[in-house]
Each structure stands twice: as structure tokens, then as C-alpha cells.
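Protein sequence lines correspond, in order, to chains A and B. Read left to right, the first sequence gives residues 0 to 131 (numbering that gives the first Met the number 0). Read left to right, the second sequence gives residues 0 to 131 (numbering that gives the first Met the number 0).
Hints were generated in silico from the structure; no laboratory data involved. Hints should not be assumed to be uniformly reliable.
Heads up, the list lumps identical chains together, so a pair's fine if it works in one copy or across two of them.
To be verified - Simulated pairs of lysine-lysine, DSBU-like, Cα-Cα distance not exceeding 30 angstroms:
id: 1; residue 1: Lys119; residue 2: Lys107
id: 2; residue 1: Lys8; residue 2: Lys119
id: 3; residue 1: Lys107; residue 2: Lys8
Model, not experiment: these values are computed from the prediction.
Single-letter residue listing:
Number of protein chains: 2
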Amino acid sequence: MQALLEQIKWNADGLVAAIAQEVGSGQVLMLAWMNREALLVTIREQRAVYFSRSRQRLWRKGEESGHIQRLLELRLDCDGDTLLLTVEQVGGIACHTGHHHCFYRQHKNNDWQEVELVVKSATEIYGERVDD
Amino acid sequence: MQALLEQIKWNADGLVAAIAQEVGSGQVLMLAWMNREALLVTIREQRAVYFSRSRQRLWRKGEESGHIQRLLELRLDCDGDTLLLTVEQVGGIACHTGHHHCFYRQHKNNDWQEVELVVKSATEIYGERVDD
């Protein structure tokens with residue numbers, strides 16, 4: 000497992016970028032970060048586990064919302080500093096805002112305009128808390 | 000244009016992550032970075048212009064190879080620190096290695112295994128130089 004980790008170009012914070020892409024739709028769901036432990040747990044459990052930079056701890060995607068990401072395929076890019084995860088997005092919601100994915104704002108008329116509706120409101124997902 | 004930039008959460012180096020996704024195939028081609036100028040030029044010229052961290056200068060994707068990326072759509076994620084570009088990949092080659100995209104290595108048998116062939120060799124693309 001060590002050899003696997005050594006081929007990754009970890010940044011100064013010990014992290015690597017990780018893009019989650021939905022199987023079937025091909026939609027890019029989100030970008031997050033992994034440290035060594037997050038990657039090892041992701042591989043072991045075959046579900047996306049990131050490292051939360053804001054909370055400085057492992058972030059088991061879906062731990063509060065139930066919207067976990069099952070890992071189907073894992074790839075590394077040419078220079079070793081970005082991972083690409085093909086995932087099944089449980090619940091069809093990847094974003095903490097309740098949108099299907101995090102890229103719901105589009106550049107239009109010199110602004111970032113929301114072009115997609117939420118699937119569920121954050122309150123519906125989390126109760127009063129907005130997290131995950 | 001200033002308002003557009005202000006909604007982006009630039010990192011400590013003044014950069015934002017930018018994912019390029021191919022129109023049609025939906026394939027994630029690469030992850031690169033943009034500074035403010037790169038983003039403004041990208042919007043103005045409707046082609047992907049990144050900031051090269053290794054060369055510390057604007058990197059007009061395809062400037063040497065001809066494999067430019069025409070911009071079709073530009074999105075921003077929920078927390079403003081990642082851009083998603085939908086692009087037309089001219090020449091069908093996004094990676095400097097000559098692969099269609101940068102994610103040609105897959106996690107298999109505890110290793111990163113190349114699972115895609117190059118479209119053209121780097122020498123064919125660049126002559127003796129490997130760049131871009």
C-alpha cells in the first residue's frame with residue numbers, strides 16, 4: 000500500500016485533490032481533498048472519505064446526510080496530484096446545499112447564476128444543522 | 000467583472016482549482032489552476048487559460064501543442080473554490096503525455112496501472128520537447 004501512496008504528489012499540507020464524478024450521468028459532483036489516511040480508508044471501504052480542511056479531520060462523505068458515495072473506480076492523473084473517483088451518489092445529492100452536485104452556479108451576464116434547483120433543502124437533509 | 004472575481008475563494012497563492020470536462024463524452028480531462036488574470040482571459044477568449052504553478056506564468060492551454068480547449072460553459076461550486084469548465088478538446092488530446100485525458104492510471108492490484116493508450120506520443124506532439 001506504501002508504493003501506492005508514494006506515487007502521489009502530496010501538497011505541502013499532505014493533501015491531494017479528489018474529484019468525484021457520478022457513474023452513468025458523468026456529472027462532476029464535487030472537488031474535495033484527501034490525506035493519506037482518507038485515501039486508505041476510501042480504498043478499504045470502497046466509499047469516498049475525504050479530509051475536511053475546515054474541520055481538520057476525516058470526513059466520511061454522507062456521515063450526517065446519508066448521502067454517501069460508493070466508489071466504483073479510482074484514477075490518478077499524469078503528475079500524481081489529482082485523484083478521480085467514479086462514484087454512485089446515494090440519494091442523488093452530493094452538495095451540502097441540497098443540490099445534486101456542487102456546480103450549480105453558471106457564469107452568465109457577468110455573474111454567477113444558480114441554474115439548478117435543490118433536490119432537497121438543507122433543513123430537510125440535516126434538520127437545523129448545515130454540514131457534510 | 001470585479002464582482003465575478005470577488006465571489007471566488009482564492010487560495011493563499013491567489014489561485015482557484017479548475018476542472019476541465021469534455022463536452023459530449025463527459026470525460027474529466029484534467030485539473031489545473033487559474034489566477035485572476037487567467038480566469039479573465041479564459042472568459043474573454045472563450046478558451047482555457049490556466050496559471051502554470053511550475054512555470055509561474057499564464058499557460059494558454061495548447062499554446063505549443065495546438066490542443067486548445069474551447070470554452071462552452073463555466074461553473075463555480077458551492078463554496079467558490081473550484082471552477083468547472085465544459086470544453087471542446089481540440090485534437091482530442093488534453094494530456095502532455097499524449098493521452099486523451101490525464102486520468103489514464105487506474106487503481107488496480109494495489110498499484111496505479113495505465114489503462115489507456117496514448118493518442119500520439121509526446122515526441123509526435125512536441126518534437127523533442129515535452130511541455131504544455
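How the hints compare with the structure:
no., hint, result
1, Lys119 with Lys107, "within (25 angstroms within a copy, 36 angstroms between copies)"
2, Lys8 with Lys119, "between (37 angstroms within a copy, 25 angstroms between copies)"
3, Lys107 with Lys8, "between (35 angstroms within a copy, 19 angstroms between copies)"
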